[in-house]
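Number of protein chains: 2
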Amino acid sequence: MKMVEIIDGGVTTPQGFKAAGVHSGVKYRSLDLGLLYSEVPASAFVGYTSNNVKAAPVQVMMKENSEKLSAVVVNSGNANALTGRRGIEDALEMKRAVASALNLDPLEVGVMSTGLIGRFLDMHKIRYGISRAAGALDSGREADGLIAQAIMTTDTIKKECAARVRLQDGTLVYIGAISKGSGMIEPHMKVLHGTTLSLITTDATLSPKFRETWQSILDDSMNMVSVDGDQSTNDTCILMANGKANGKCADDDPEFIDALRTVMTRIARTIAKDGEGATKLIEVQVTGADTKDEARKVVKTIINSPLVKAAIFGSDPNYGRIMMAVGNSGCKFSLDDVRLTIKGGDMEVPILDSGAPIFQEERAVEVVRMAMDNKEVTIMVDLGVGKESATGWGCDLTYDYVRINAEYAS
Amino acid sequence: MKMVEIIDGGVTTPQGFKAAGVHSGVKYRSLDLGLLYSEVPASAFVGYTSNNVKAAPVQVMMKENSEKLSAVVVNSGNANALTGRRGIEDALEMKRAVASALNLDPLEVGVMSTGLIGRFLDMHKIRYGISRAAGALDSGREADGLIAQAIMTTDTIKKECAARVRLQDGTLVYIGAISKGSGMIEPHMKVLHGTTLSLITTDATLSPKFRETWQSILDDSMNMVSVDGDQSTNDTCILMANGKANGKCADDDPEFIDALRTVMTRIARTIAKDGEGATKLIEVQVTGADTKDEARKVVKTIINSPLVKAAIFGSDPNYGRIMMAVGNSGCKFSLDDVRLTIKGGDMEVPILDSGAPIFQEERAVEVVRMAMDNKEVTIMVDLGVGKESATGWGCDLTYDYVRINAEYAS
Chain A
2 MKMVEIIDGG VTTPQGFKAA GVHSGVKYRS LDLGLLYSEV PASAFVGYTS
52 NNVKAAPVQV MMKENSEKLS AVVVNSGNAN ALTGRRGIED ALEMKRAVAS
102 ALNLDPLEVG VMSTGLIGRF LDMHKIRYGI SRAAGALDSG READGLIAQA
152 IMTTDTIKKE CAARVRLQDG TLVYIGAISK GSGMIEPHMK VLHGTTLSLI
202 TTDATLSPKF RETWQSILDD SMNMVSVDGD QSTNDTCILM ANGKANGKCA
252 DDDPEFIDAL RTVMTRIART IAKDGEGATK LIEVQVTGAD TKDEARKVVK
302 TIINSPLVKA AIFGSDPNYG RIMMAVGNSG CKFSLDDVRL TIKGGDMEVP
352 ILDSGAPIFQ EERAVEVVRM AMDNKEVTIM VDLGVGKESA TGWGCDLTYD
402 YVRINAEYAS
Chain B
2 MKMVEIIDGG VTTPQGFKAA GVHSGVKYRS LDLGLLYSEV PASAFVGYTS
52 NNVKAAPVQV MMKENSEKLS AVVVNSGNAN ALTGRRGIED ALEMKRAVAS
102 ALNLDPLEVG VMSTGLIGRF LDMHKIRYGI SRAAGALDSG READGLIAQA
152 IMTTDTIKKE CAARVRLQDG TLVYIGAISK GSGMIEPHMK VLHGTTLSLI
202 TTDATLSPKF RETWQSILDD SMNMVSVDGD QSTNDTCILM ANGKANGKCA
252 DDDPEFIDAL RTVMTRIART IAKDGEGATK LIEVQVTGAD TKDEARKVVK
302 TIINSPLVKA AIFGSDPNYG RIMMAVGNSG CKFSLDDVRL TIKGGDMEVP
352 ILDSGAPIFQ EERAVEVVRM AMDNKEVTIM VDLGVGKESA TGWGCDLTYD
402 YVRINAEYAS
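Those protein sequence lines, which keep their order, are chains A and B.
All residue numbers for the first sequence refer to the numbering used here, where the first residue is 2 and numbers rise by one.
All residue numbers for the second sequence refer to the numbering used here, where the first residue is 2 and numbers rise by one.
These are calculated hints, taken from the structure and not from any lab test.
Accuracy of the hints is not assured; some may be wrong.
Since the list can't tell identical chains apart, any single copy or any two copies may satisfy a pair.
Said to hold, decoys possible - Straight-line alpha carbon distances no greater than 35 Å define the calculated DSBU-like cross-link-like pairs of lysine-lysine that follow:
#1 Lys64 x Lys298
#2 Lys293 x Lys333
#3 Lys249 x Lys126
#4 Lys388 x Lys298
#5 Lys388 x Lys64
#6 Lys333 x Lys376
#7 Lys28 x Lys344
#8 Lys249 x Lys19
#9 Lys210 x Lys249
#10 Lys298 x Lys19
With the hints as constraints, model all of the structure from the sequences given.
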């Protein structure tokens with residue numbers, strides 16, 4: 002049997018976690034405040050946005066740098082970003098309200114916000130929401146669903162994932178994850194110092210040493226997603242490991258790492274797929290790069306190109322734009338050696354031969370259009386220089402992206 | 002009187018220049034081949050794209066690096082990019098055809114292409130076009146207009162500009178310019194080694210030493226335009242100075258430099274204004290930066306943000322996105338000191354006070370919407386760190402941008 006098994010589940014699937022999602026009134030109607038709770042203090046691993054304009058909750062959490070968290074509160078509808086000192090006070094107050102409701106130290110409480118930038122929180126509503134959520138904490142699929150919904154903004158689908166994996170010591174552990182994120186998405190989250198918010202829970206045991214592995218997993222998953230190239234002020238990804246499965250420390254357990262990577266990659270793909278207005282998921286695989294950094298840079302330049310994204314929206318076989326993006330990445334390659342392949346559905350179409358396209362006739366170009374006319378389009382670029390590779394995910398640029406973002410604040 | 006005077010004119014306004022624009026058949030109906038000719042060999046200053054995937058004409062011109070040019074041929078409809086060795090042969094053949102028609106050395110002939118990437122040129126049509134254009138060379142406003150039209154792709158307006166300036170030695174010189182460019186626009190043109198194509202003519206005298214000044218003017222004008230952040234494979238900007246006004250060398254003449262800068266800035270603004278699908282011109286002025294590079298980086302991060310661009314399209318007062326972009330630029334500043342002002346029409350609205358927005362009430366935010374509801378919107382950011390500044394131009398992100406680019410090749 003494969004060690005990692007994806008199962009139907011969410012953040013309360015691992016033992017000892019409870020969650021709630023309620024309506025506080027920050028948003029007009031929908032759920033807008035989520036609370037996650039671990040029965041025992043969990044080792045916390047956090048990744049924060051590297052945007053220099055950091056939201057108040059990010060600033061607060063980075064400063065406190067808690068190694069253990071027992072609860073995380075998340076509100077949607079208002080990012081508490083660009084809110085000055087009052088914003089910092091409000092984020093601290095959110096932590097205190099949770100701590101008092103659950104009998105915790107405020108340092109054990111994580112806080113995240115997402116939504117409109119540049120407005121003060123209505124703390125009256127937030128306090129009311131926290132007290133409701135604290136009373137509603139529960140485990141099971143219903144609770145999973147409520148918290149996943151409460152953190153959504155322009156997301157059109159709930160982003161949940163869970164996995165079960167048997168560690169090398171025989172312990173069966175669970176990983177659960179929820180995430181939100183649809184626009185303002187190109188996280189570069191750093192562990193030591195995305196607006197995608199993610200909460201990952203596990204009943205495995207992890208030590209502070211796991212931090213490095215956590216950064217590398219973030220770099221290959223969440224940090225390789227881009228909807229619009231705009232890194233948020235609020236991106237935060239929290240992994241809570243409460244050890245309730247009573248296994249050995251899983252820091253170096255390849256099965257655990259593989260399972261976590263699988264969950265994080267799934268979440269990353271879901272965010273890209275649900276990018277604002279997206280009709281297609283674009284996966285970019287770059288191989289043959291000189292360095293890992295160069296491979297990543299080529300992936301990012303392709304998935305961030307509005308021209309590539311619009312062409313894929315229209316299934317317009319304008320592959321020249323992909324090469325334009327490769328050239329703009331600033332990476333090392335010789336055009337004669339580059340191989341470009343476009344894959345969609347059952348079709349895998351090689352495009353280049355010695356620096357020039359194979360297809361010149363209109364009819365031949367039609368096969369490229371057919372490959373692009375799929376819900377998932379994969380662009381494969383082999384730079385032919387070295388051995389490093391990277392994979393990233395984005396989405397097409399559509400009329401709906403423009404519509405959503407031309408009327409967001411209104 | 003002001004020394005620099007903008008006048009009605011084009012590339013043949015300076016003495017000794019002739020131009021033609023014809024239909025060769027590369028495009029279905031419209032003019033698609035332009036030819037510019039100087040009666041005497043002109044000192045040539047060229048800026049080329051720094052995209053690593055360079056179109057064949059760019060590769061050819063960079064290799065030959067001619068100090069003097071007597072003619073430049075430009076075709077639209079096909080970029081002759083990503084066309085391998087055959088593309089190089091075709092670019093060379095274009096030069097030879099012009100040289101033979103005008104009795105010139107092929108080294109004296111510049112070549113530029115713009116249009117679809119990844120298709121071979123139909124040289125039969127190109128040769129026919131060149132011979133027609135050579136026969137049609139003329140000076141005057143009609144010829145100016147024909148060549149300006151012949152180099153257009155998705156442009157909706159002809160981009161022409163001319164100026165008259167009196168040098169310090171008393172000589173009256175003329176500068177004429179045409180340009181095309183609407184999409185795939187974020188040129189970083191380098192003189193020594195931008196698809197906007199521009200042809201600038203002058204009857205002033207310039208020496209090779211003018212190269213550095215030319216780079217600095219390019220950096221402050223064309224290289225500060227971004228429609229979509231996608232640098233083309235073909236960007237080229239050629240300045241031809243034929244000395245027909247018989248003035249002294251104008252390399253260091255402040256009046257001449259000012260006039261050239263004025264013309265180039267006007268052309269740059271026109272390109273941004275006519276960005277694919279654009280309804281608004283966005284000017285971004287950054288002041289108080291620590292270094293010029295940082296100032297430029299902040300300008301570029303703002304004008305390239307799809308979220309900022311879409312907000313401006315919808316006159317959506319979501320200024321938080323502007324600060325998100327400032328934060329993503331990676332530049333040095335303290336949020337408490339940053340000043341942000343949005344200007345449109347008669348309105349000039351300050352946004353931030355000590356790191357938080359001045360406006361919190363919906364009604365107050367309306368003034369921001371009113372400022373944004375103009376054909377030209379100016380975003381002013383004072384970083385409050387140092388003394389460097391930069392200005393750049395972009396446009397809003399609209400439904401039409403998506404439409405145009407989802408069906409370009411088709």
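### Query
35 Å Cα cut-off: does Lys388 pair with Lys298 within a copy, between copies, both or neither?
both (15 Å within a copy, 32 Å between copies)
### Query
Given identical chains, is Lys210 near Lys249, meaning Cα to Cα at most 35 Å, within a copy, between copies, both, or neither?
For Lys210 and Lys249, only the intra-copy Cα distance (14 Å) is at most 35 Å; the inter-copy one is 71 Å.
### Query
Between copies, within a copy, both or neither: which fits Lys388 and Lys64 at Cα up to 35 Å?
between (39 Å within a copy, 31 Å between copies)
### Message
I want to check one pair: Lys293 and Lys333. Are their C-alpha atoms no more than 35 Å apart within a copy, between two copies, both, or neither?
### Response
both (12 Å within a copy, 27 Å between copies)
### Task
Could you figure out if Lys28 and Lys344 sit no more than 35 Å apart (CA to CA) within one copy, between two copies, both or neither?
Answer is between: at 30 Å across copies they meet the 35 Å cutoff, but 41 Å inside does not.
### Message
My question is about Lys249 and Lys126: at a cut-off of 35 Å on alpha-carbon distance, are they close within one copy, between copies, both, or neither?
### Response
Neither: 43 Å inside a copy, 74 Å across copies.
### Query
Is it within a copy, between copies, both, or neither that the alpha carbon of Lys298 lies no farther than 35 Å from that of Lys19?
neither (39 Å within a copy, 45 Å between copies)
#### Entry: Intra/inter-copy verdict for Lys249 and Lys19 if alpha-carbon distance must be at most 35 Å
Close inside one copy (23 Å), not across copies (82 Å); limit 35 Å.
### Intra- versus inter-subunit Cα pairing at 35 Å for Lys333 with Lys376
For Lys333 and Lys376, only the intra-copy Cα distance (31 Å) is at most 35 Å; the inter-copy one is 41 Å.
### Message
One pair to classify: Lys64 and Lys298, alpha carbons no more than 35 Å apart. Within, between, both, or neither?
### Response
both (30 Å within a copy, 28 Å between copies)
Checked against the numbered hints above, the structure breaks hints 3, 10 and satisfies the rest.
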